[in-house]
Amino acid sequence: MDYILSSLIFIPLLAVLIILCLPKHFTQGIKLVALLATSLQLILSVWLYSAFDASATVQGYQFVQQLNWISLNLQSLGLLQIQYFVGVDGISLSMVLLTGLISVIGIISSWTISKNIKGYFALYLLLVGSVMGCFLALDFFLFYLFFEFMLLPMYFLIGIWGGPRREYAAIKFFIYTLIGSLLILIVMIGLYTSAFDPAATAVRANLAPAGQVVSAEVVAEVQRQVAAGTLTGASIVHTFSIPDMQQAANFIPGSILNILSEKQLWDIPVRYLAFLLLFIGFAIKLPVVPVHTWLPDAHVEAPTPISVLLASLLLKVGGYGLFRIVYPVFPEAAAYYAYFVGLVGVLSIIYGAMCALAMADLKKLIAYSSVSHMGFVLLGLASLTSEGTNGAMYQMFSHGLISAMLFIITGVIYDRSGSRMIDNFRGLAFSMPAFTALVVVAFFASLGLPGFSGFIAELLVLLGAFSSSAVSGMLPRWLAIVATGGLLLGAAYYLWALQRMFFGKHWVHPELKGEPVMTDLTKREYLMLVPLAILVLIFGLFPSLLLNKISPDINYFLQSVLQNR
Amino acid sequence: MNQVAAPLLTPEQNSLALWALLVLVLPLIAGGLVLIFGKKLPRQGDWLAIATTGLAFFLALYLFFQVWENKTVHVSWSWFQLATGKTSIISFTAGVYLDNLAVLMLVIVTFISLLVQVFSVIYMHGEWRYHHYFGYLGIFTFSMLGIVLSDNLLLLFIFWELVGFSSYLLIGFWYEKDAAVLAGKKAFLFNRVGDIGFLFGIFLLYTYLQTFDLTLLKNAIATGVNQGGTFIFPVLTGQADSVTLSYTLLTLAGLGIFCGCVGKSAQFPLQVWLPDAMEGPTPVSSLIHAATMVAAGVYLLSRCFPFFTEDALLVIAIIGALTALLGALAATAQYDIKKILAFSTISQLGYMVMGMGVGAHDASLLHLVTHAFFKASLFLNAGIVIHAMHHAAHEFSDEHSDVQDIRNMGGFRKILPFTFYAYIPAAAALVGLPLFSGFLSKDAILTGAWAWAGLMSQNGNLLYYLIPVFGFGSVLLTGFYMAKHCFYIFFGESKLYKEPELLRENKTAEASGLLLVPVAILAVLSLAFFFSLNPFSYAGSWVMQGVSWQKLLTGQPGLSGGLLPAITTYLHDASYISLVTAILSVLLAVVGIWLGWLSYKKAVTAGSLSTITAPTSGFSRLAYYHFYLDAFYEKVIINPFMRLSGGAAAFDKNFIDYSLNTFAKIMVVLAKLIGWVDRWLVDGTVHLLVKVAGLIGRLGRFMQNGKVQSYYIFSLLGLILLFLYILAF
Amino acid sequence: MNNIPLIPVLLLGAVLFCLGILAVITKRHAIVVLMGIELIFNAANLNLVAFNRHQPDLMQGQVFSVFVMVIAAAESAVALAIILKVYSYFKTVNLDQIRHESDV
Amino acid sequence: MSLVLIFFYVFGFLAIASAAFMLATKNVLYAAFGLLVTLLSLAAIFVLLFADFVAITQLMVYVGGVLVLILFGVMLSNQVQGRAVQSESVNGISGALVAGILFGGLAYLILSADYLYLEGINVADAAPVNTKSSIIAIGIRLITNFALPFEVASLILLIALMGAAYISTEDKHE
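The listed protein sequences derive, respectively, from chains W, L, B and X. In terms of numbering that gives the first Met the number 0, the first sequence opens at residue 0 and continues consecutively. In terms of numbering that gives the first Met the number 0, the second sequence opens at residue 0 and continues consecutively. In terms of numbering that gives the first Met the number 0, the third sequence opens at residue 0 and continues consecutively. In terms of numbering that gives the first Met the number 0, the fourth sequence opens at residue 0 and continues consecutively.
No lab work stands behind these hints: they were computed from the structure. Everything numeric in this text was worked out from a predicted model, so none of it was measured. One or more of the hints may lead you astray.
[Claimed, not checked] No more than 27 Å apart at the CA atoms, straight line, and that leaves these computed lysine-lysine pairs for DSSO-like: (1) Lys-90(B) - Lys-25(X); (2) Lys-522(W) - Lys-413(L); (3) Lys-550(L) - Lys-494(L).
[To be verified] Label-pair distances were calculated between CB atoms; the ranges are: (4) Thr-553(L) - Tyr-525(W): 51 to 57 Å; (5) Ala-433(W) - Phe-640(L): 32 to 38 Å; (6) Val-67(X) - Leu-698(L): 28 to 34 Å.
For every residue, glycine included, the Cβ atom is placed at its ideal position computed from N, Cα and C.
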């Protein structure tokens with residue numbers, strides 16, 4: 000199974016081609032192809048999860064596939080080298096698993112889409128494939144390619160299949176994310192001009208035979224020679240490889256992002272500036288207050304399955320980018336700005352929760368709760384402690400599951416009544432008891448009730464943030480204390496929503512179109528919600544299922560950041 | 000990192016731990032099954048829930064006899080691990096810890112849970128969501144047992160939250176009633192406020208001592224050396240250096256943990272949720288909001304006793320005393336039977352907490368146990384009364400009268416004699432009359448408080464005596480409100496429903512046996528005899544001896560240092576305190592009862608019994624509205640916060656989004672402007688060039704018109720120009 | 000003296016030349032244009048002959064005027080042949096019309 | 000004023016007038032006759048300028064050849080029977096302008112040129128009058144100094160005649 004990662008990426012893309020070949024009215028076939036492709040992806044990702052060896056090596060990218068893709072000789076500027084470089088480690092593993100899961104759920108949720116089915120499913124699978132690519136790419140260029148590739152299908156999925164203000168939302172989403180990508184692009188180019196690939200350089204400088212694995216000594220020798228300035232110009236092979244960029248020794252002396260160069264721009268070291276740019280780029284995706292306003296609009300206008308994908312997967316790309324690129328490449332800037340990052344995280348937690356408290360639209364409430372919960376990711380990351388970083392990763396995974404549930408729940412209500420306003424419903428527990436039970440599960444999971452995965456994540460994050468001042472010295476304690484307010488607020492808005500919508504005497508606003516019949520869940524909806532609920536419970540009771548797999552790699556990440564700060 | 004310093008586990012210990020686990024999960028399994036399949040099971044599965052709880056109870060008894068005064072069992076398993084540092088791992092464990100206190104609580108919880116479930120079979124009969132009720136109870140029992148069995152603070156916190164959740168479900172069981180749903184929400188949120196403080200306490204301990212495990216923490220604390228305001232802890236397992244912690248930080252950690260107790264045990268200032276929680280079914284109030292869950296705070300204090308510094312204990316004592324007094328005061332003005340009991344619960348919990356604070360650790364636990372029985376009994380009795388009232392109200396199709404208002408009752412001594420005789424011992428125990436269990440425990444707490452005050456005030460500060468004074472004051476008030484409401488309920492004439500038979504199940508039986516048996520058992524257990532062979536002295540109580548700090552804390556009082564031994568010594572020296580306390584408390588209780596009788600008489604003569612109105616005057620109004628704490632929170636915290644939230648949302652919409660949109664609009668305008676420039680300047684220039692070129696072209700075309708003569712003209716013109724050029728230059 | 004001064008002769012030549020040009024330019028009839036050309040030739044000849052009066056050594060003026068006449072004769076022969084051919088083709092010798100008709 | 004000069008002016012005027020008539024008339028035949036008069040007048044002027052051979056050649060070639068050719072052309076290209084061959088004018092203004100400017104220029108040049116500086120030209124006083132015919136001199140020059148141009152001219156004449164003959168033949172295959 001050497002090609003498992005590539006299959007994960009390209010199965011959906013292949014399915015896109017198949018769907019495009021199918022006749023437009025053959026809707027069942029199109030849906031089945033999409034379901035099959037995503038199911039295959041799920042099976043492969045579960046297989047990947049089971050085959051992933053957590054104990055193997057300290058820095059283990061596994062199932063690596065590395066092919067030269069674009070190679071351009073720029074004469075004195077060296078060699079431009081873009082690779083098809085994919086691999087999986089603990090950090091990406093959880094996200095791959097999540098992507099596999101959520102994409103199947105999303106397909107089931109998309110089953111009722113009736114408008115231009117062919118286009119919808121083609122775009123959907125394109126999106127899924129790009130997300131998967133994003134999580135697996137180890138070449139920055141490849142990552143960026145997939146990152147940008149996600150934008151387009153998302154734009155159309157919101158803009159065509161969305162609600163009444165879909166154009167506004169789609170454009171807002173597009174512009175926000177595009178600005179983020181631009182910032183990332185700037186830093187990517189800067190990194191590219193600064194970093195080199197020691198192994199390929201060795202081959203090019205005839206220090207090692209081609210076609211063989213370059214030994215560590217030769218790599219060290221090349222790094223030494225480049226640092227000494229004896230290897231320069233044409234013989235240096237520039238690289239986009241993220242693992243290469245993570246080592247300070249792989250930066251060309253005198254280049255703008257070399258850690259020793261101390262170049263400054265507006266009195267800020269360029270590396271710090273690059274960190275900030277990258278951080279903002281990914282923070283927009285995460286999203287983080289105050290660059291979060293695309294999220295509520297996009298969520299409210301997007302159709303249910305797309306909301307699910309957006310909340311469960313796309314937001315995670317931002318956090319994943321921080322883990323995979325921003326922190327390891329700029330560890331000293333990360334340490335320098337830890338306070339700032341933590342502060343922004345706490346701001347998101349509290350501000351998002353407060354906004355959620357004031358929302359009258361259930362979907363908006365959940366969207367803001369996403370902002371709040373993703374703040375925990377930042378807080379955990381900023382703490383730079385084992386607990387915090389593991390918690391942040393776990394929060395990404397857990398939020399992926401829980402937010403999927405939450406958005407499906409709003410979809411269920413919207414499907415029946417065409418409204419999502421909290422005030423339009425009372426006492427839904429009477430007409431939809433099973434649904435209400437699942438809503439209670441989802442809400443309590445999201446507000447961090449022990450036993451559900453969200454609790455473990457938030458506990459670890461808060462623990463990390465709290466102990467950070469004593470352990471890594473990153474965050475002051477009050478940040479954690481304020482962040483805990485998010486737990487309280489989370490409980491407040493969820494319980495309030497529960498009270499207003501589901502309890503009390505049964506009543507549905509009479510002016511809703513067609514006097515909706517609030518029937519209980521259909522089989523299809525059970526099929527989406529119940530597995531998610533079970534997973535949320537399982538990962539809440541047995542966090543070792545995931546943490547034991549990912550924590551060695553997260554620890555490696557953490558130690559490399561802490562050593563290089 | 001913190002490999003559990005595992006004592007060699009014998010197979011016996013392992014098996015005991017597994018039995019304990021079985022006790023833990025039995026109610027959960029039953030609850031889950033009933034929840035999911037309840038509708039399909041015969042009798043909606045209540046028998047399943049009761050049977051498993053019964054089984055759990057017997058298993059608990061087995062564990063009790065194995066462990067009590069015999070051994071402690073501590074088994075822990077790795078739950079999940081995080082890699083950290085070079086090679087080490089952080090291990091989060093989950094384990095079972097059985098000692099005297101744990102097994103005692105195990106028995107109490109399973110026992111009361113069993114009784115309450117039996118009681119509920121009739122009480123909740125015909126309820127629309129009958130099986131949900133038993134499912135929720137199962138979940139609750141599971142969570143409560145989890146608190147009791149947990150060997151570390153994290154696990155304890157988890158179950159702590161879970162009991163909050165099951166409490167939320169049960170309070171809001173009748174979710175068609177808005178008040179019930181609101182009460183559930185309020186309970187959960189107020190609990191969460193406390194829990195967050197609890198979390199900080201745990202975090203503080205974890206940050207410096209690197210473990211959640213209670214035993215390890217206790218051991219670590221025990222090794223701490225107090226050096227003038229800071230504690231120095233020697234090298235702990237897996238740590239490089241010794242840890243130095245300031246006294247303040249440790250006090251804060253202790254107060255953090257105490258916050259959990261404040262929330263769950265309804266202490267001042269978070270006690271407001273408990274009266275509202277009475278919206279839940281009465282058996283639930285009995286089990287959760289009287290006997291077990293609310294007492295969990297006291298259990299927590301006992302478990303974490305070594306982590307409290309002297310200052311922390313002082314705060315605990317003050318809060319406890321204040322709560323006891325405030326609860327009692329509020330109870331005097333209530334007329335709702337459940338509200339009275341709820342406030343009395345608050346007051347009694349205040350006693351226990353105060354007991355913990357003053358170092359009367361074992362007395363406090365004794366009160367926990369005795370209170371669990373008599374308060375459960377009171378609530379169940381109240382349940383029967385309410386049930387009867389409902390019955391009558393149903394017969395009369397009376398939907399307006401408040402069936403829980405004691406002014407609507409009266410004369411039940413004759414109508415429901417059995418209930419009366421079950422109610423009185425429990426009430427007497429609550430008031431603290433001799434021969435009843437409450438006397439023992441209350442006496443113990445008050446003695447402890449007095450001794451503590453005496454010890455502390457040796458520096459001349461007599462303010463410490465306020466604590467026992469508050470305690471004694473509460474005794475008086477307790478006597479007053481208990482007597483008063485007993486007179487209202489059981490004496491005189493039935494005010495609302497004159498026909499006694501309407502209130503009874505049938506002519507022969509006042510209520511179903513399933514209601515009466517649990518009540519009877521609990522009433523019997525309100526007698527002091529069961530807790531101490533000498534019903535006048537708590538000193539010989541087997542419970543107190545079993546849960547004394549020497550035994551529970553293995554003789555390590557922890558951060559409070561010499562306080563506990565000093566109190567013991569002080570009490571030993573001033574043995575009169577015990578006697579005086581006993582006499583004084585009984586005296587106060589009797590005075591209270593007499594005052595209650597006077598108040599009842601006065602009401603009867605004034606004829607104000609039948610006027611169902613809220614008190615309008617002065618203090619009683621203040622007490623009736625619970626000192627306006629709710630309104631205070633509403634006005635000072637919740638409303639401003641909601642406004643702030645609305646402000647945040649408006650800020651989001653009107654500022655961030657607005658500025659964004661404005662920015663976008665400016666960009667669009669700019670783009671339009673640039674578009675205009677593009678069209679008129681850039682394009683214009685190009686068009687001009689095109690026009691010029693076209694003109695030239697047209698000129699060229701005019702010349703190249705295919706007419707040979709024109710060509711001739713032009714060539715001649717050219718010639719002329721050439722001439723002119725030559726001539727001119 | 001019966002000598003004719005140079006300048007009046009040259010002016011006469013200039014006048015005839017210009018009239019010839021005017022004919023070439025303005026006339027639409029091909030043959031009239033041809034006439035204009037002949038006129039121009041004659042004006043040139045007049046100049047040649049006039050200058051020959053003042054530089055008679057080699058008689059080059061007169062000799063060349065003879066050449067010019069030869070060329071003119073040849074030219075007019077060819078031109079008329081062409082005109083006739085054009086006429087048989089377009090049925091007109093009007094220059095503008097010929098242009099229009101060949102413009103298809 | 001000598002008689003020669005008077006004659007010159009008379010013939011000069013006649014030449015200009017007839018040329019102008021040629022321009023002015025619309026009738027092509029009239030124009031041809033106007034040209035005839037011009038040519039004749041020029042022949043007379045040639046005589047006055049002591050170029051008897053040129054004058055005779057003018058009469059023979061132009062009047063006898065070219066003009067007859069033109070007349071033939073006029074007649075052959077005139078389909079309309081019984082009506083004068085018309086020729087309109089175009090480009091009146093521009094043509095007059097150009098011609099006027101040209102004339103002005105030429106006149107300016109002629110009048111302002113300083114002939115004294117030209118080698119071998121005497122403006123005021125022409126060369127000694129050689130009353131003898133110029134035929135001998137021309138003949139000698141033609142076969143001595145200007146033999147080559149003479150031959151070339153004859154060749155051109157030949158080619159032109161052949162060309163004219165070729166062009167005017169009807170296409171057989173048409």
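Contradicted hints - numbers only: Violated: hints 2, 3, 6.
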